[in-house]
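**Student:** Going down the list, the protein sequences come from chains G and E. Heads up: the first sequence at position 116 corresponds to 116 in my numbering, and the numbers run straight through without jumps. Heads up: the second sequence at position 43 corresponds to 43 in my numbering, and the numbers run straight through without jumps.
These are calculated hints, taken from the structure and not from any lab test. All values reported here derive from a predicted model rather than from experimental measurement. Heads up, a few of these hints could be off.
Calculated Cβ distances over 10 angstroms to all of chain G for the following chain E residues [what the hints assert, rightly or not]:
(1) 64
(2) 126
(3) 132
(4) 206
Among the chain E residues that face chain G by a calculated CB cut under 10 angstroms, a handful are [unchecked claim]:
(5) 54
(6) 58
(7) 62
(8) 68
(9) 80
(10) 134
(11) 146
(12) 150
(13) 156
(14) 184
(15) 238
(16) 253
Facing chain E, a subset of chain G residues (Cβ under 8 angstroms, in silico) [stated by the list, open to error]:
(17) 297
(18) 302
(19) 305
(20) 308
(21) 309
(22) 310
(23) 359
(24) 362
(25) 449
(26) 450
(27) 452
(28) 454
(29) 467
(30) 469
By construction, the Cβ of each residue, glycine as well, lies at the ideal position given by its N, Cα and C atoms.
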Amino acid sequence: MSPARTRLVAGATLSVGVLLLSACSGTSDAPSGSRDAINYALPANFTPNWILPIGTAAHLNTNNSSISDTLWEPLIAYDGSTGKIGWNKKGSIATAADFADDGKSVRVTLGDRHWSDGKPITSRDVEFWFNLIKANKTKWAGYNPGKKPDNWTSFKAEDDRRFTLTFDRAYNSDWMLANELSDITPLPQHVWGKTSDSAAVSDADRSPAGAKKIWTYLNNSAKRIGSYASNPLWKTISGPYGVKSFSTAGKVVLAANKKYDGKEKPQISTVNLLPFTTADAEKNALRSGTVDYGYIEATDLDQKEQFTAQGYEVKPWSGWAITYMPYNFNNPQMGAVFKQLYARQAVQRSIDQENLAKVIYNGTAVPGYGPVPQGQKSDFLSPEQAKNPYPFSTSAARSLLTEHGWTEKGGVMTCTKPGDGPSECGAGVDKGTKFQMQVLSQSGSTVTDNMMSAIQSSLAKTGIKFDIKTAPVNSVLSQTPQCTAKQDICKWQLSYFGTAGSWYFSAFPTGDSLFQTKGGSNFGNYSNPSVDKLISRSTTSSSNAPIREYSAALAEDLPVVWLPEPVYQVSVVKEGLGGFSQDSLANFHPAQWKWTD
Amino acid sequence: MSAVLRTAAPAAEAISPHRLSVRRFARNKLAVGGLAVVVLFLLFCFVGPLVWPTDQTHTDLTQVNLPPGGAHPLGTDAVGHDELGRLMFGGKVSLLVGLAAGILATVVGTLWGAVAGYAGGWVDAVMMRIVDAGIAIPALFILLVVSAITTPGPLGLIVILGLVSWLVPSRLVRAETLTLKSRDYVLTLRAIGGTHGRAIGRHILPNSVSTIVVAATFQVADAILLVAYVSYLGLGVQPPATDWGGMLSAGLTAAYSERWWLIVPAGLAIILVVCAFNAIGDGLRDAFDVRGRA
C-alpha cells in the first residue's frame, strides 16, 4: 500500500475513531465486582485538588470537602446522610452541644476519640482550628463578615473533652449548629502546629502571627497534590479512611483507617474515587461495568432500562441547592451595566426557565427564582420568589432596555443615552457601551452546553450578546474570584459552575457567605445594605419570617442570574450497594457504603 | 512514410507535461471521485443554505430531538436546530478552517523548507532541528493546551492549526530543494549574478509544485480531522457556531437513545471529505510522478 493510500485508510479510520474518543478520555479501571472495593465516579471534569479540611475559594468544591471530611471527621456533622438534614452524631467528634439559656454560648463535649497515631482528640485540637480561622478569616471560604468566625468571641477549654464557645449575641441555636459549628473540624495540633517541615510543633497558633505562618505552611503543603499520600502531615487522621494514593490526574484511592474509633466504621476496605473528563466518558465506564456508583445526565433518563438491565439502580439525587450565574459587579467593562437593576431584570426576563427545566433537563430540574432552594418544600420560601417576579418575555426585556436609553445597533443593544436619569442608561454606563457579556462556563456536560446555547439564543432576541467560554470547573472557580476593577483577574463577567447545582446550603439557606457584602463566596461582589440586614436578622431570629423576607428581596434584586435547579445527579448504583442515603447537601460518605449481598 | 512522420511529430510535441498530468489524474477514478465529493460538499455547505435556509443562531426548545421528517429531513438536535441546516452551517467552518489551515501550513512549510534546503550549512541544520523538535510534540497536545488558554474562533483555529501543521511539508520541500539547487539552470542563474531570492522564487519553488500540491491536499485532510478532534473535545468554536466535530460531540450523548441523525450525518461528512482529499492527493501524486510517464 502506498504511503498516500495508507494515509487514506488512516484518515478514514481516525475519523471513525472520533466516534470512540469518549471511551479514551476518561479513567480506565478494571471491572468492579470485588466486595472489598468500590469504584465511585467523581463529577465530570472535576479532579480533587485539596486535602486540607479548611476550604479556600479557589478550592471550594463539595467533593473536596467530602474527601477531607472522610479523613478528618467534623466536630458536628450536620448533613443529610441519614436521610434527613440533621446532626449525624455517628459521624461526629462531638457528642453533645448544650446551648446556654441566653443563647449566647455553647458547651461542646467531645467523644472519647483518638487520632490514627494513638494520641487523644482534645479541646486543644478544636482550639487549633479556631485560632487558624480567626487569624486567617479573609482567606477562608466560609468567612462571613459579622458571622463566623467574627461572632465567636471566645474559646475556653474546660478540660480535654469539653469547651465553651461564646458568641457576640444570642443566636438561633439550630442555625448556629447547622450553619456555623458544623464548619469546625478538630485538627491534629500535635502534628500540624508548626511553621515548616523542619520546625518543631509549638503553640504558635495562639498568636495571630504564628497562626498566619502555620496557615501558610499548611496551605503550601496542601498545594502539593502529588505528596498527599506520602506527606506525614496527612497521615494523622481521625476519619474512617486515609489516603492510599492521590494522583494529580484526579484518581484518589482511600483505604480504611484501622485505627478509627468512631461510630461510622468503614464497611468496604478500599474506595476508588475516579475522575472523568466528560460525562460521556463516565457513562461509557458505567456501561462497561467499571463503576459501582456513578451517574448519567438528565438527557439520558430515556436509557434507564438499559442500565437496570445491567444490574444498576437509577436514583436521582436531589440537592438542597440553588443554581445561578454570578455577575461580576466590579468588571471594568460591564460592572456599571450589571449594577443597573433594569439591566439585570432584562437579562432575567430573557431566560425561559420553565422550558429549560422541562426540555434541557428532561424534567429533572425545577425553575429557581431566588436564593432559597425550590426543589423541596420549605418554610423559608417567600411567595414572591415562588411566583417568579420576572416571568420570561424577551419583548418585555427589550422594552426595559429601550426605556432606559439603549438602542439596538447591529443586533446588539447599545447605550445611546448615558446618564443617571430615569430614561437613561444609568450611572457609569458610557455612551456606546454594548450590552455584550461573556460567561466562563463549566465544561464537560452536554446539558450545560445546551442550556448555555438556549440562553444565548433568548438573550440574542433581547439584543444582548452572550459569548460562551468553557473550562473545567476548577478553572472556572479559580478564574472567577472576588476582585477589584483594577486587578487583571477581574476580566471575568459571568461565571457558571452549576452543572450539578451552584451552591449547596447547610440546613438553613441563609446564604450569608453568598450575598452578604464581602461574603467569602460572594464571587461577584454583590452589595446591598438592606439585604445584609435581612441576612443578619435571619440568623438571630427564632422565626423564619426574616429569611422569607430575604428570599423575596433577592428574588427581586437579582444579585445573580437565577437558573433552574437540577438534581445533584441522576445516580446509577450497582445493585447490592446500599446502607446509605444520598445526602441532599451533596456530600458523599464512603463509610456508610456497604455491599448488602 | 515521411508524411506520417511530419504529422506525428507536432502531435507529440503538443502534449505538455501539465496536460499529461491532467490526463493521468482524469484516468484515476478514485481521485476524480474524490474531487467530485469535495465539490459536492462545497456546494452543499456554501450554496445549500440558499436552497434550504434555516435559523442556526436561535434555539427552539419546542422542536428538540425530532426524527427526520418532512419539515426537517435530517431531524433536529437537542436544542431544536434543523440538523440538515446545521450540517451545512458546521461544514462551512470545517471546510473553511480545513482548507485555510492546510494552505497556511503548506505556505509556511514550503518557505521554511525552501530556505533551509537552499541555504544549507548551519542555517539548514538549525532550521531543520526546529522542525524535528516541533514534530516530536504531538499536534493534538499543543492544540488542547492552546484551546484551554483561549477561546478560538474560526480565524484563531486556522492560525493555530496552520502553525502546528507546517512541519511535514517543510521537510518535503527541503528535500526537493536539495535536489533542485544543484541543477544547471540554478547554477547558471547564480553564475550570471541572479539573487538567491530569484533562484528560489523562479526556479526552485515552481519546480517543486507537484510536491507542494500533493502535500497541500494531505494537509487539508489532516486539518479537517484536527478541527474535528478539537471540537469533539469541546474546545473548538463556541456556540452558536459549530463544526462537524462539534456536532458529533453534541450528538454522542444520543448514541444509546437511537437518535442516529445526530451522529451519522456529521460522522459521514467527516469521513467522506477526509477520504476525498486523500484520494485527490493520491491522484495528484501519481499524476505528477515522472516515473509513470514512460
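**Student:** Run every hint past the structure and note whether it holds.
**Tutor:** Each hint tested on the structure:
1. Non-interface status of residue 64 of chain E relative to chain G is broken: a Cβ of that chain comes within 10 angstroms, the nearest being about 6 angstroms off.
2. The non-interface label for residue 126 of chain E is consistent with chain G: the shortest C-beta to C-beta separation is roughly 28 angstroms, beyond 10 angstroms.
3. The Cβ of residue 132 of chain E lies farther than 10 angstroms from every Cβ of chain G, with a closest approach of about 20 angstroms, so its non-interface assignment holds.
4. Chain G leaves residue 206 of chain E outside its interface by the beta-carbon criterion, the shortest separation being 23 angstroms against a cut-off of 10 angstroms.
5. Taking 10 angstroms as the C-beta cut-off, the interface hint given for residue 54 of chain E is violated, the closest approach to chain G being about 14 angstroms.
6. Of the supplied interface hints, the one on residue 58 of chain E holds, with its beta-carbon coming within about 4 angstroms of a beta-carbon of chain G, less than 10 angstroms.
7. For the restraint placing residue 62 of chain E at the interface with chain G, the shortest Cβ-Cβ distance is roughly 8 angstroms, inside the 10 angstroms limit, so the hint holds.
8. Hint on residue 68 of chain E is violated. Least Cβ distance to chain G is approximately 18 angstroms, over the 10 angstroms limit.
9. At a threshold of 10 angstroms, the smallest CB-CB gap from residue 80 of chain E to chain G is about 8 angstroms, leaving the interface hint in force.
10. For residue 134 of chain E, the interface hint is violated, since its Cβ never comes within 10 angstroms of a Cβ in chain G; the closest pair sits about 20 angstroms apart.
11. Below 10 angstroms, beta-carbon pairs count as interface contacts, and residue 146 of chain E has none with chain G, the closest being about 13 angstroms; its hint is therefore violated.
12. Below 10 angstroms, beta-carbon pairs count as interface contacts, and residue 150 of chain E has one with chain G at about 9 angstroms; its hint therefore holds.
13. Because the beta carbon of residue 156 of chain E sits about 12 angstroms from the nearest beta carbon in chain G, more than 10 angstroms, this interface hint is broken.
14. Annotation: residue 184 of chain E was flagged as interfacial toward chain G, and the flag is violated, the nearest CB pair being 31 angstroms apart, outside 10 angstroms.
15. The beta carbon of residue 238 of chain E is positioned within 10 angstroms of a beta carbon in chain G (closest approach about 5 angstroms), and the interface hint is therefore held.
16. Proximity of residue 253 of chain E to chain G holds as hinted, the smallest CB-CB distance being about 5 angstroms (cut-off 10 angstroms).
17. The restraint placing residue 297 of chain G at the interface with chain E holds, with a minimum CB-CB distance near 7 angstroms, inside the 8 angstroms limit.
18. For residue 302 of chain G, the interface hint holds, since its Cβ comes within 8 angstroms of a Cβ in chain E; the closest pair sits about 6 angstroms apart.
19. Evaluation of the residue 305 of chain G hint against chain E yields a violated restraint, the C-beta minimum of about 11 angstroms exceeding 8 angstroms.
20. The criterion of a C-beta within 8 angstroms of any C-beta in chain E is not met by residue 308 of chain G, whose closest approach is roughly 14 angstroms, and the hint is violated.
21. Restraint check, residue 309 of chain G versus chain E: the minimum CB separation of about 12 angstroms is more than 8 angstroms; hint violated.
22. Interface restraint check for residue 310 of chain G: the shortest CB-CB distance to chain E comes to about 12 angstroms, outside 8 angstroms, so the restraint is violated.
23. Because the beta carbon of residue 359 of chain G sits about 4 angstroms from the nearest beta carbon in chain E, less than 8 angstroms, this interface hint is met.
24. For residue 362 of chain G, the shortest C-beta to C-beta distance to chain E is roughly 10 angstroms, which exceeds 8 angstroms, and the interface hint is violated.
25. At about 7 angstroms, the closest approach between the beta carbon of residue 449 of chain G and any beta carbon in chain E falls short of 8 angstroms, and the interface hint on this residue holds.
26. Taking 8 angstroms as the C-beta contact cut-off toward chain E, the hint placing residue 450 of chain G at the interface holds, the least distance being around 5 angstroms.
27. Because the smallest distance between the Cβ of residue 452 of chain G and any Cβ of chain E comes to about 7 angstroms, under 8 angstroms, the interface hint for this residue holds.
28. Here the hint on residue 454 of chain G is kept, as its CB sits about 5 angstroms from the closest CB of chain E, short of 8 angstroms.
29. Given hint, residue 467 of chain G at the interface with chain E, holds; its Cβ is 7 angstroms from that chain's nearest Cβ, closer than 8 angstroms.
30. The interface hint given for residue 469 of chain G holds, since its Cβ lies 4 angstroms from the closest Cβ of chain E, which is under the 8 angstroms cut-off.
Checked against the numbered hints above, the structure violates hints 1, 5, 8, 10, 11, 13, 14, 19, 20, 21, 22, 24; every other hint is satisfied.
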